[in-house]
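J.: Each chain, written out:
There are 2 protein chains.
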Amino acid sequence: MNSFNKLKPYLDKQNALFTALTLFEWDNATKAPEKAIDNTSAVMGILSDEYYNALINDDVTFLLNTLCKEQLSALESSIVKELKNAYDDVRPIPQAEYSAYKALTAKASSVWQKAKKNNDYALFAPVLKEIIDYKKKFAAYKAKDRGYNGPLYDILLDEYEKGFNTQILDTFFNRLKDTIIPLVRMVSKKSDKIDKHYNELHYDIDKQREVSHRLAKYIGFDFTKGVMLESAHPFTTNLHNRDVRITTAFFENNLESAMFSTIHEGGHALYEMHIDDALTMTPVGTGTSMGFHEGQSRLFENNIGRSRAFWTPLYPQLQETFKEQLNDITLDHFILGINKSQPSLIRTEADELTYCLHIIIRYEIEKYVINNDFDIDLLPKLWNDKYEEYLGIRPENDSEGILQDIHWSCGDFGYFPSYAIGTAIAAQIYAHLKTAINIDDCLEKGNFAAINDYLKEHLHRFGKTKTTNELLSGMMGENFNPQYYIDYLNEKYTALYSSL
Amino acid sequence: MNSFNKLKPYLDKQNALFTALTLFEWDNATKAPEKAIDNTSAVMGILSDEYYNALINDDVTFLLNTLCKEQLSALESSIVKELKNAYDDVRPIPQAEYSAYKALTAKASSVWQKAKKNNDYALFAPVLKEIIDYKKKFAAYKAKDRGYNGPLYDILLDEYEKGFNTQILDTFFNRLKDTIIPLVRMVSKKSDKIDKHYNELHYDIDKQREVSHRLAKYIGFDFTKGVMLESAHPFTTNLHNRDVRITTAFFENNLESAMFSTIHEGGHALYEMHIDDALTMTPVGTGTSMGFHEGQSRLFENNIGRSRAFWTPLYPQLQETFKEQLNDITLDHFILGINKSQPSLIRTEADELTYCLHIIIRYEIEKYVINNDFDIDLLPKLWNDKYEEYLGIRPENDSEGILQDIHWSCGDFGYFPSYAIGTAIAAQIYAHLKTAINIDDCLEKGNFAAINDYLKEHLHRFGKTKTTNELLSGMMGENFNPQYYIDYLNEKYTALYSSL
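Respectively, the protein sequence lines represent chains A and B. The numbering used here puts the first residue of the first sequence at 4, with every later residue one more than the last. The numbering used here puts the first residue of the second sequence at 4, with every later residue one more than the last.
Just chain A, same shape as in the assembly (with noise of 0.2 Å):
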């Protein structure tokens, strides 16, 4: 038996534990009733203490320490090099803190509700303060394992973006800010001219239900191997590429945010249900990072979604469904509205113009409190102070400013860029399915499985066995490159506004 089988137990362990977990989460999401969290908690911890054990354990340091000397397959490589990330990221950490960080979170998530509830930052503060110290501190002890001397908000970036660091980071939101900044003051003095009202009439759940479940199928989602429901914040999950599950949450004076949610969960889902067999329920058999799902996920949702092609074959049907809401929306009317762009102070229902910004924002005093001593009370009024010179607006309280998402209080710092990065690489894409398959020409038709298909072959089968650059570069010869965002949203908003 070679040291690789040996390794298999655990690796299926790993992702047999992983794999529960996951529909504990979905599970809670979704149907569970409301006081089964206490008890569910407490087996969920265990189940995640069983996952770090059979992570890190003397035989698998003893593996890891051997696979490196042996001749492997590429997949069986691929594998080992994950796990090793995994490992690597875990293992620097003691024992102890690591269970009282996690006891820290799974309590600061209830607090931070709270505290954005009453508008209470001086109730998150401490809790927040404290994880953050939690960050830097293990950030340190993995920079010192890896003998990294650089910026500590580097290590966290790694995490979510394996090859990303403040450097790129900065020179290309530093590009965003230059491009998107005018842009926004364009396009919001404009923006007033389309009439969005028709999308806050009161527009029947069910048949928004039908909507969303006919646009899923539409874009490929496979109901065989998926699973769409309901919850309060729309999300996606899966437990192996044949059981992907999304969730939407509707709204009766909203037509948009069900039909966006759906496309833009049905873009991750798709990621997901296109990895290849001989990948999923191994360490490589999921995206490849955070920002190149949030890549799928988007071009779904933006470039596609938002797109005239996309829906000159859908709006007829969409209005035949709500008549007497749309009768007099005009597909030109619709395409603005989809795409009215005007400065808001919550990221989460931001528009594609400005979402960027927010994240900028973020990733700004993330960079900061990471790699600075700061003083956790300021840290509102420097939320709003970049709101106000970024978007132009400030927040009026704490809630609608620094409390409104819920990331910090799990710990996410360095997840936010992701998102950025994914609006960005979305855009790549975009640029070169235009060449590659008339991708318009695809929509047109409703040829769907077209697009799939390529995204399928060069990207999304291969899971974690290629990084983002990887991808990119196998797909079009070229690497990560911001440029083709800043170009489309250019082109985009300024060919859509100069009507108005």
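In case anyone wonders, no lab produced these hints; they're calculated from the structure. Do not take every clue at face value.
Which copy is meant is left open, so a pair is good if it fits within one copy or across any two.
As the list claims (entries may be wrong) - Calculated cross-link-like contacts (lysine to aspartate or glutamate; reagent style DMTMM-like; alpha-carbon spacing at most 20 Å):
(1) Lys16 to Asp41
(2) Lys38 to Asp280
(3) Lys16 to Asp280
(4) Lys16 to Glu28
(5) Lys228 to Glu28
(6) Lys16 to Asp52
(7) Lys220 to Glu259
(8) Lys139 to Glu367
(9) Lys228 to Asp30
Since chain A is already given, all that's left is putting chain B on it; use the hints.
T.: Chain B in isolation, oriented as in the chain A frame:
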């Protein structure tokens, strides 16, 4: 640290893994996409091996030996005793044989399904033979381990109902046959006079869902601690006492089916919801036995759910919901309808009176094949002969004969008798409730809380810390006594059918 505290991590791990497996099973039966099963089964196989390893290992062996000599609290003693039962049920079987057997039963259900669909007993026979051989071999291992020399079938019965054996069941079933067979003959002559045509009219599924939801709530099912979904075959499962789940199946042309399966599963669910917080998520934190569980579900479904007192406050609302179909059906007519009894071939569709005859047939066949050498090809004839003898009807093919139940394909020999034991337990509890709380009065007044409070206090909260006999004698000073059931059937059917 005393030895019990050393055992705790193993108990927690067993519970966490068992709970995860339960959630997967629930999910497979309700929401999982159809193509997920192969991958998900692989995950479940690994979790199931982990469960085995958490139960059977040198530490647990050592601790069980140590703990039997130590001073323990009452709860600790119960937990250790129950763990020892689970341990002794599995440990005598060599792990390789246990795995091979599990692989066999995993495959067998789909073979059975195909055989049933195609009325092809010959397809299933060799698999069934192999399963029976394993069951006999495993029972022999356990018999040897316990120094037991009696009939092997007793070993299997003991797995589902501690303290019950062929001697007790032979006596029980012989008395039952003596009573039911003449009663069935009397009743079936008269039951043609009951017009039940109304039950097969068209009943809107959405309205049926409302009715089932209302019924579940009415009998005390707490939706903050429970979930109700749909599946092909109704069942109940639980993650712990604050997460209890039932399913119902709805049929357009059958009003009774979903209503009574909701009440039945609701009875199972209430038992689990009522278990003490101190016991849940421990080895004693669930219903004490299969039979006692069935005692609760049948108490609700039959003794309570088919009584006039139960429907007195509820029937007008049902009539209102299904005006068109039930307008001309009086309460008296409806009560006769839900208690119409006629010999039939399919166990799951059998009425309250004939149901146990189906069980007796299975019991006699199981006892025969486990305790004797037998010819697998002769079983269908044996089955059909018994149906003719006891029920006066003969299956025309094996699909509606020996192939009708899934149980044997899962290796569940010794399970069927629990249904009959449960039915008798239900009648015994019901007899007690008549005097203890005047149950008819509670039902007529819609005071379900009084019934649930009583059951919780005297039976349900104890989980597995008491056996069936301890629970019954604790409540009413008398062990299991099937005479209550025999009296109940005689009185009920004589009274009901006297007018016909």
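J.: Each of the hints needs a verdict: does it hold here or not?
T.: These are the hints, each one checked on the structure:
1. Lys16 to Asp41: Between copies, since 17 Å is at most 20 Å while 25 Å is not.
2. Lys38 to Asp280: between (38 Å within a copy, 13 Å between copies)
3. Lys16 to Asp280: Only inside one copy: lysine 16 and aspartate 280 sit 18 Å apart there, 31 Å across copies, limit 20 Å.
4. Lys16 to Glu28: both (18 Å within a copy, 19 Å between copies)
5. Lys228 to Glu28: both (19 Å within a copy, 17 Å between copies)
6. Lys16 to Asp52: both (12 Å within a copy, 10 Å between copies)
7. Lys220 to Glu259: Close inside one copy (17 Å), not across copies (36 Å); limit 20 Å.
8. Lys139 to Glu367: within (16 Å within a copy, 69 Å between copies)
9. Lys228 to Asp30: So lysine 228 and aspartate 30 pass the 20 Å test inside a copy (17 Å) and across (14 Å) alike.
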